[in-house]
Every structure is written in structure tokens, then in C-alpha cells.
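Given chain A, put chain Z in place with the hints provided.
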Amino acid sequence: MEVIVVGLNHRTAPIEIRECLAFPEDKIGEALSQAQSLSSLRENMILSTCNRVEIYAAAREAERAVLDLKSFLSQYHHIALKDFEKSLYAFAGSEAVKHIFRVASSLDSMVVGEPQISGQIKAAYDLANQAKTSGYILHRLLHRAFHVAKRVRNETKIGNSAVSVSSVAVDLAKKIFETLEEKTVLLIGAGEMCELAAQHLVSGGVQKVLVTNRTYERAVTFAEKFRGEAVPFGEIDRGLKGADIVLSATDSPQYLLKHDQVSKVMKDRKHKPIFFIDIADPRDIDPRIGDLENVYLYNIDDLQKVADENIRDREKEAEKAEAIVQDEMDKFVQWYRSLDITPTIVALREKFEEIRKKELDKTLSLHPDLSEKEKKSLEALTSSIINKILHEPMTLLKRSNGESTADLYLDSLQTLFKLQVAPPEVSRETPHEALEDPSEEGEKRS
Amino acid sequence: MNIFFFKFAAFLYLVGTLFYLAHIVSLKQSLSRLATTAVSIGFISHSLALLTRYVEAGHTPVTNLYESLSFFAWMIVGIFLACNLKFHIKVLGAFLTPIALILMLFGLALPKEIVPLAPVLRSFWHPFHVFFAFMGNAIFALAFCCGIMYLVQESQLKAKKVGAITKRLPSLQVLDDMNYQALKYGFPLLTLGIITGAVWAEYAWGRYWGWDPKETWSLITWFLYAALLHQRLTVGWRGRKAAIMAIAGFGAALFTFLGVNLLLPGLHSYANW
Chain A
11 MEVIVVGLNH RTAPIEIREC LAFPEDKIGE ALSQAQSLSS LRENMILSTC NRVEIYAAAR
71 EAERAVLDLK SFLSQYHHIA LKDFEKSLYA FAGSEAVKHI FRVASSLDSM VVGEPQISGQ
131 IKAAYDLANQ AKTSGYILHR LLHRAFHVAK RVRNETKIGN SAVSVSSVAV DLAKKIFETL
191 EEKTVLLIGA GEMCELAAQH LVSGGVQKVL VTNRTYERAV TFAEKFRGEA VPFGEIDRGL
251 KGADIVLSAT DSPQYLLKHD QVSKVMKDRK HKPIFFIDIA DPRDIDPRIG DLENVYLYNI
311 DDLQKVADEN IRDREKEAEK AEAIVQDEMD KFVQWYRSLD ITPTIVALRE KFEEIRKKEL
371 DKTLSLHPDL SEKEKKSLEA LTSSIINKIL HEPMTLLKRS NGESTADLYL DSLQTLFKLQ
431 VAPPEVSRET PHEALEDPSE EGEKRS
Chain Z
5 MNIFFFKFAA FLYLVGTLFY LAHIVSLKQS LSRLATTAVS IGFISHSLAL LTRYVEAGHT
65 PVTNLYESLS FFAWMIVGIF LACNLKFHIK VLGAFLTPIA LILMLFGLAL PKEIVPLAPV
125 LRSFWHPFHV FFAFMGNAIF ALAFCCGIMY LVQESQLKAK KVGAITKRLP SLQVLDDMNY
185 QALKYGFPLL TLGIITGAVW AEYAWGRYWG WDPKETWSLI TWFLYAALLH QRLTVGWRGR
245 KAAIMAIAGF GAALFTFLGV NLLLPGLHSY ANW
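If you read the sequences in order, they're chains A and Z. Start counting the first sequence at 11; every next residue gets the next number (the numbering used here). Start counting the second sequence at 5; every next residue gets the next number (the numbering used here).
These are computed hints drawn from the structure, not numbers from a lab. Heads up, a few of these hints could be off.
Stated by the list, open to error - Below, in silico cross-link-like pairs of lysine to aspartate or glutamate (EDC-like), each with a Cα-Cα straight-line distance of 20 Å or less:
no., chain 1, residue 1, chain 2, residue 2
1, Z, Lys245, A, Asp296
2, Z, Lys32, A, Asp323
3, A, Lys398, A, Glu360
4, Z, Lys164, A, Asp296
5, A, Lys92, A, Glu26
Claimed, not checked - Per label pair, the in silico range of CB-to-CB distance:
no., chain 1, residue 1, chain 2, residue 2, range
6, A, Phe427, Z, Val29, 42 to 50 Å
7, Z, Ser30, A, Glu360, 44 to 52 Å
8, A, Asp301, Z, Lys116, 46 to 54 Å
9, A, Tyr99, Z, Gly167, 49 to 57 Å
10, Z, Gly214, A, Glu303, 36 to 44 Å
11, A, Gly215, Z, Gly214, 50 to 58 Å
12, A, Asn170, Z, Phe8, 39 to 47 Å
As the structure is a computational prediction, the values presented were derived from the model and not from experiment. Note that beta-carbon positions come from the ideal geometry of N, C-alpha and C, so glycine has one too.
Chain A with its partners taken away, still in its complex shape (with noise of 0.2 Å):
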């Protein structure tokens, strides 16, 4: 028995490959159980998002298991493998869980550390449960990758800095602002630049969104966009006396915003905070404005410096984060080398012999009278008892090895009897604690 996994991700594959193996949520399930029709597979599931595609598995036999696997991503999508063989990488035992656990972590992510991948791999999981394609070792190893996460997410500060230029913007905004609620953006230009920042601002809690254009019409679609209100662009004046934030995406040539005209403007509105983000190339908003008293100003260069060092930041936590992962990782490669069946059963003979000697110790010395003979059949009683106990459960053991009931006999085998067969791991959160939130960033699917 092994986890295994086979896939592709940014790094290994052109969007065009990526494209083509992508499983659409809809048909996963179906897909699920095609893959679990192969013999040399257990158990497995399916992680699909625009930035990879990976089966994860509870194998037979590995090296079989793989080869099937990527027949199965041939045959299931019709590709030849060889268009795509390159681009897939597969794993075996713990170097499989530790990329398990990496992914979920947000390690393996293309911006290390971005919150989505926690929620996709859940939603992952729940489909391959509603498949019942996942069994006894899935949700113990989704279960880990989970605590991993929360764990890399608590003792580390990877996800904490923003490292798009948009999010540092609105990071920004919150520490002039404290909050974005109720606050006013005014939006100069209508073009697809300002969209895009504008809809982090919307997303962020802005109240209000004023939107000026040189052409007045294009002002008007776009603020409806935001269901926004346009200003012409005569009136900026006027639009800069109610904002709180104003973001320029032009392509005007010369600066729009002179300096006067704000320190004007400033006056008008009590010298209320202002924040001012260019981030058109050339710039729109003199920058000799950001000396003004109250008014913060940052174009397109600044906010891509903070977002370079914080992406610094996020490697230097990565580091630590690694380490988390491989501490992890030992864990469950513990655990689940205790499922072989010989070490269980050579330890619970162990544990039954050891009592017995003990037992048969103290009833021998209480009678220091017994004669050889009588203490041989003594001996031979209490091992036989012992054998006959025995049989039938190492019979069913043998059996059923290599299935997934034999990993439910061990473990209870384990737990019911104290053994110590690998060093013990036995802290068994419940299910419902170790999921509870890789959801919360949201389960968007890309």
C-alpha cells in the first residue's frame, strides 16, 4: 500500500497541456470513479484548478498504479501520453505526502503562500467522498494536509503580506484608512487597468465609486459597472473634494492632476486624507503632489516594490514553512508504515507472550512445589490458550491484507491493545476539527 501521486502543474506544463487535462467540476465525479475501476488503485481523487491538475491515490502497488494513472489521463481526455508524458510528474510514499502537503500549504503555489489552493484541495475531497472514491488513508492524509496548512498558516507569516500590486493598494488604503467601508473611490479613465485595480477597492468595501473620463459616455457605462455615479471631467474638482481614494489609469500624455489644483482642492475638504494611486504609464498625477500635507500618493512603481519585498518576505517564511512540511510528513510516513501487517502482528504476539510469561511467573512461585512435569503442562496450557485467541484474528489479518479493512484491523488492533509498533502517532483529531477551516478563503475554483 502507497500514496501516490500523478500530475502537472504550472511549472511542469504550458497552459495549452494544463488546458487540455483539466477536469471540469462537473464530470469529476465520473471521472473519479473511471479511475477507481483500475485494479491497482484503492483509493483517489482528484485536485483540477488552472494552475494544476493531480490525481492523488492510495495505490496497490505504486510503480503499476502510475503507469495506470497516466494511461487513464491519455485515454480519459484523448491525448496521446506521449503529447504530455514530459510534463507529468509522479510520487511514491513520503515524497508523494510531502508534495501532498506542500500543495496544500500553498507551497507549490504559484505565488507561494495565496490563499486558494486550501479551499480547492477541500473542495477536491468532498468530491472524491461524494464519489466514495476516497477511503481510510485519503482522509487521513487530507485530514494531515489540512492541520499542515493551518499549521504553516498559524506558525508562519506566508500568507500574511500582499503581494499583488491591486491587494498592496488596498493594503495600503486600510492603513490610511483603517477600512475601506464607507469610503469613496474616484476613478480617472475608463479603461480595463482601472477596472481591474477598482474591483479589489469594490471588493475591499468601498461605498461609493465616481468615475471620470475625458469622454463623458465612457464614464457613464463604466461607473455603471461599479453602479457608480460619472463625473465629467470638468468637474474633477468636484470629485476630488468628496473621494477618499483616487486611482488614475489614463493615457494622457501630461499629468492630469497638477499640483495647485489639489493643494486647492485640500483646502476645500479639510484637509481630509487622500490617497492617490497612478497607475498609468506615463504617469497622471504630478508627483510633487505627495508632498502635500494628508495626501498619500503612490504610482505603479512604488506598489510594485512593496509587492516585490513582501514576495522576499513570503520566501524567507517558506523556508520555515518546509520545514513544517517535513515534520509532517515524518509523522504520517510513521503512521502509515504501521500499517504494514507483519510489525502488528509480531508485537501483538509480543504483548500476549509477555503476559502470559508474567501471569504463569507469579502462579509458579506461589507454588514452589510443583514438580517439572506438571510445570511443562502449565507452560504448554497457557500457550495454547493464547494460540487459539490468536488464530482467527491473524487469520483475517493475513487475509485481508493489502485491503483497505486490513488498515482498519490494524490500526484498532494498535489502538485496542496499546502496541507500540512504529513510535506512535496516535493523536487522532477528529474529522470535523481538522476540517474546519481550509474553506474559508473561498472555494473558487479557477
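Relative to the frame of chain A, chain Z by itself:
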């Protein structure tokens, strides 16, 4: 007994300060909770110190410098804990607790015997005067800390250095709001402190106002805060200017309290040692 409670409180403020500083560096929530617990217990012990001293002395224990320092520190911690309940600005502890601690350590170095009450202090108005004045000053201490944080945070944001410091300090808006809130409550208290002081002066020395250094400096302080309040409400002085004013105002308030006693001779010098 009161000295024991006082020392125990000072010790816990020290523990609280260390935990708050550790919290700022590591950002671990548990450290901040430990710090708040230490400071809260310290505050209880400090309250007991004041209470037992009141019982032992038979009068409100704000009659010499040691007692005033203790009372002021107690007010600062009280205001901080109340503020902590309402606003959850965790870093504030790392600024205010050390201030209280320094006042306590200063107090520890002073003579602490209970001396018979000077006749001039034997007044109905004296405890009120002290209470209002110190409560006002404690609130201004809060505004002072927020002012410093504001200036640091603002310079970071202006310089586009968005890093560890920015992350640890509250947003400009919160700091500026605190500045205004402190002004809103601190200013009336300061005014009341000065009025009750004048009424007491009438009883003690037979005149409401005599331009004694303490009176003069308290008026200077009052004018600083009055100016800030006025400018804030009329032309929108806020942010940086308000922060600087809060720092200057607290400087003046502190000088009124300590500087005048230690440096300038005057009627209030009875409180010298």
C-alpha cells in the same frame, strides 16, 4: 503595606512592558494577552496601594511628589486599560505601560513616609483638583503616544517604506481619531482641573489666580490644547499637525506637573519632596 502593593504593581508593569515589547517584535497574540493580564493585576495591586495609603494616612494620598507620581501612573494605566477594552489597539500598551513604569520607578526613588497634611492642602477642593488634572493629563499621555505613532506611521507611508513598522502600527485614521477623542475628553478635564484649582486657591491663599509658575504653565498647556481643538474644528487641523500639537501639549502638561515642581520655585513647591 501600601508600599508593598506599590512595589508589586511596579514589578507587574515591568513584566507587562517586557511582554508588550516582545509582542510588538514577534506579533504573537498570546504575549499581548499575558501583558494585558500582568498590567491588569498590577493595576489592581496599585489600586490597593492607593486605598491602603488613604486609610493609613487618613487623607487622599496625593500630597507629595511620590504620591502624585503614583496617582498619575495609576490614572495612565487605568485610562489605558479602559481604552484597551474599547479600541483594541494592542501596540498602545508598548508605549503607555513604559511611561507608567518610569513614573513608578521615579516614585520608588523618593521618600515615601506619610507626613501630616500641610494646612494648605486641607481642602474639600484639593482632591477634585488633583483628580481632574491627573485624569486629563493621563488622557493627554495617551494622545501623546498616538501622536508619536502617527508621526512614525506617516513618515513611513510618505517615504513609501511599507514594512515591519507599518504593519505593527495602527492606521493613520485610528491614530488621528484617538487624538481627537483624547482631546474631546482631556480638554474639559483639564479645564475642570484648572477651575477647581482656582477655587481651592481662593480658599488656601485667598485669591483665585496669582500667576504662580504652576498656574502659568497650566494655562500655557490649556492654551495649546485649546488652540488645537479650535483649529481642528474650524480649519481641519488633523493628522500630522494634530499629532505634533498633542506631543507638544503633553510636554507642557508634564512640565507643569514635574518641571515646575523641580525647577521653578513657587507656591506649589510644597509638593517638592
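Against the structure, the hints:
{"no.": "1", "hint": "Z:Lys245 / A:Asp296", "verdict": "violated (24 Å)"}
{"no.": "2", "hint": "Z:Lys32 / A:Asp323", "verdict": "holds (18 Å)"}
{"no.": "3", "hint": "A:Lys398 / A:Glu360", "verdict": "holds (15 Å)"}
{"no.": "4", "hint": "Z:Lys164 / A:Asp296", "verdict": "holds (16 Å)"}
{"no.": "5", "hint": "A:Lys92 / A:Glu26", "verdict": "holds (15 Å)"}
{"no.": "6", "hint": "A:Phe427 / Z:Val29: 42 to 50 Å", "verdict": "holds (48 Å)"}
{"no.": "7", "hint": "Z:Ser30 / A:Glu360: 44 to 52 Å", "verdict": "holds (47 Å)"}
{"no.": "8", "hint": "A:Asp301 / Z:Lys116: 46 to 54 Å", "verdict": "holds (53 Å)"}
{"no.": "9", "hint": "A:Tyr99 / Z:Gly167: 49 to 57 Å", "verdict": "violated (37 Å)"}
{"no.": "10", "hint": "Z:Gly214 / A:Glu303: 36 to 44 Å", "verdict": "holds (41 Å)"}
{"no.": "11", "hint": "A:Gly215 / Z:Gly214: 50 to 58 Å", "verdict": "holds (57 Å)"}
{"no.": "12", "hint": "A:Asn170 / Z:Phe8: 39 to 47 Å", "verdict": "holds (44 Å)"}
Hint compliance for this structure: hints 1 and 9 are not met, and every other hint is.
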